[in-house]
Amino acid sequence: MSYLIVQVVFDTPLDFYFDYRYPPALADERKPHVGQLIVVPFGRREETGLIVGIKDHSDVDESKLKDVISLCQEVPPLPKDWIDLCRFAARYYQRSLGEVALPAVPKKIRQHKKLAIKRALKALEKKDGEIPGAKVDKPELHQAQQKAVSAIMNSGGFAPFVLYGVTGSGKTEIYLQATEQTLEKTPDVQVLIMVPEINLTPQLEKSVRDRFPQASIATLHSRLTESDRLKNWLGILTGNARIILGTRLAILAPAPKLGLIIVDEEHDPSYKQQEGLRYSARDLAVWRASQLKIPVVLGSATPSLESWQRVLTGHYTKLELPERAVKDALLPSISLIDTTRQAMNNGLSPELVAAIRRRLEKGEQSLLFLNRRGYAPVMTCEACGWVSACTRCSAYMVYHKAHRLLRCHHCGLERPIPRVCPDCGNADLQMLGRGTQRIEEGLKICFPEAGVLRIDADSTSKKGSLLAALQSVHRGEIDIVVGTQMIAKGHDFRNLTLVGVLNPDTALFSHDYRAGERLFAQLMQVAGRAGRSSQKTGANASEVLIQTRYPAHPLYQAALSHNYEKYVNVLLAERKSARLPPFGYQALLSAEARKIETALAFLQEASALVPYRDGIVINEAVPMAMMRIANMERAQLLIESASRPDLQHMLREWVPQLRNKRTNVRWHIEVDPIAI
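Counting in the UniProt record's numbering, the sequence shown runs from 1 upward without gaps.
It should be emphasised that the hints constitute simulated quantities derived from the structure, not laboratory data.
Nothing here was measured: the structure is a model prediction, and the numbers come from that model.
Positions of the beta carbon are idealized from the N, C-alpha and C atoms, including for glycine.
Subject to a maximum C-alpha distance of 20 Å in a straight line, what follows is the list of computed SDA-like cross-link-like pairs (lysine to any residue):
#: 1; residue 1: 595; residue 2: 668
#: 2; residue 1: 107; residue 2: 42
#: 3; residue 1: 122; residue 2: 239
#: 4; residue 1: 114; residue 2: 73
#: 5; residue 1: 293; residue 2: 310
#: 6; residue 1: 206; residue 2: 224
#: 7; residue 1: 401; residue 2: 378
#: 8; residue 1: 138; residue 2: 184
#: 9; residue 1: 257; residue 2: 84
#: 10; residue 1: 462; residue 2: 407
#: 11; residue 1: 107; residue 2: 119
#: 12; residue 1: 401; residue 2: 429
#: 13; residue 1: 318; residue 2: 572
#: 14; residue 1: 463; residue 2: 203
#: 15; residue 1: 107; residue 2: 12
#: 16; residue 1: 293; residue 2: 160
#: 17; residue 1: 362; residue 2: 446
#: 18; residue 1: 272; residue 2: 644
#: 19; residue 1: 185; residue 2: 154
#: 20; residue 1: 64; residue 2: 25
#: 21; residue 1: 147; residue 2: 323
#: 22; residue 1: 185; residue 2: 173
#: 23; residue 1: 114; residue 2: 227
#: 24; residue 1: 576; residue 2: 312
#: 25; residue 1: 138; residue 2: 323
#: 26; residue 1: 118; residue 2: 77
#: 27; residue 1: 185; residue 2: 159
#: 28; residue 1: 463; residue 2: 204
#: 29; residue 1: 293; residue 2: 156
#: 30; residue 1: 107; residue 2: 118
#: 31; residue 1: 576; residue 2: 314
Quick list of the computed label-pair ranges, beta carbon to beta carbon:
#: 32; residue 1: 118; residue 2: 28; range: 19 to 27 Å
#: 33; residue 1: 320; residue 2: 662; range: 49 to 57 Å
#: 34; residue 1: 432; residue 2: 643; range: 40 to 48 Å
#: 35; residue 1: 565; residue 2: 417; range: 44 to 52 Å
#: 36; residue 1: 202; residue 2: 150; range: 24 to 32 Å
#: 37; residue 1: 119; residue 2: 574; range: 52 to 60 Å
#: 38; residue 1: 34; residue 2: 569; range: 41 to 49 Å
#: 39; residue 1: 273; residue 2: 609; range: 23 to 31 Å
#: 40; residue 1: 385; residue 2: 609; range: 42 to 50 Å
Turn these sequences into a full structure, and let the hints steer you where they fit.
Below, the structure is given as structure tokens:
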């Protein structure tokens, strides 16, 4: 009997194809295609796999092969270019093809839930995916915006653009007009727009739906229900969804007719996945655009050093927006407050308190930014020195006053507040430092007449709570907003004229060489929330006040003049002298074990297996800065090279040896790590 042989991959680390016989009875009903999902026996269970090849015979004894159980006929074959994207990601990030491709497929499809799939497809039939003409009022573009849109639309193939514009310069309007022109230019074409964080998707979705009220839009992010993810994913695969919005996982959406990719806030570290497949969605976006020969737009007020260096070398084209889009809207003035010379009250300097009071008197809003949630970072006993250390992590437990507990933000461990010191019995326990909860409390004491709202991961944990909070700010019901990085970017608060930045100095002393770059970007982003509407100069101008103990630091001095280019050139010079990215390439092998000695021993053995290649630098295995999380001790081994191809060749020889090594240590390899 003659069989077709299908080659299948699964969500396992096994980096090879599995051959299965495709029975003639199934072939008579429907022939298989590359890109289709298929149910087959795998070990002692049935498993959904992806067909990546079809051939007439197998290289092994066909009598020993198992037969295919069924074909997922309800789901159209996945596009070839999508499989190529997964294949590239697997090769570059040192994973198997199945580990990349299968997790990108909705769970209900992998579980072969036929009824759910049919319902989702039927719901899509009711949607009108046509893009209407320009029936809505569009703001008039200023000259720099027009130039940017024209450059994108006239690129004629693969063209990576860095849209470098100050906050409030109208980057979103460029995205919308480039999207509209792309959709009108080519029938059935699709556009992908990505944002770094889930909390930015509602605002983006509203902007897109207002502009394209009848268009079929699909959103992809990790907080969607399985039913919504299934429907949206199928809408993308079938071409029904013309506009795709989402976070980093949207780059793996199986869009068959992509014509434009937009990555907003491209510098944001959230685009790098930190577990499982550790991929950079921004980098995959550029690769995918190159593969499809389409333009890709990387937008940011503070582009990443990697993107900026590619602009300097001519690989990317810079599109600059030096002014704000709203007429007469000026960048806020930035001032530094030396906290060593101030008598602080509840973490606020007299100068900042006075500035908030002036805004309240004028009916304007203020925002206080502190990237530390909770009430106090640590509780301590001054009598004996006890501190609220987590018993499972190398970290302190944060005091959360509202819930009367100590919580570890790394492993989630919670404990009730001790009434007395656990070590010496002292009843006078003190709180050190301030989190957003404590600042909120201090603001309510200082300004009892004001509406104060805290926006952080704790206050917005319930579904819909973040959107409700933002809407209350937009309606003018809130006078003072205090929050973390959740409110630092993307939000357009029209009546907000004052931003206060509290305690940013910790980043200046971080072991992470990227900390300065991130702090500067954060300062520029949060500063950009102020003064986005038309305003006068002088006393009514918007302002940003940064409380710091180190006002002379070059980073703060560059921030005073909003001079990103000056600061980024200094950072590039430092990176070049140290051969750090973007002038060098890295891979990080991390290991976890119950004892740090076990993890270090594994890394030392792994280091000895690295194949010799000229220019490869193997650093010493060391404990991580956060050495213990959830009772697992962690260590790492950094590999560096001046050549990306050399590093990749080495990894392709080395990683298979690690996979074959018998060990009880949990380990993973990360290419292009963003934190060391």
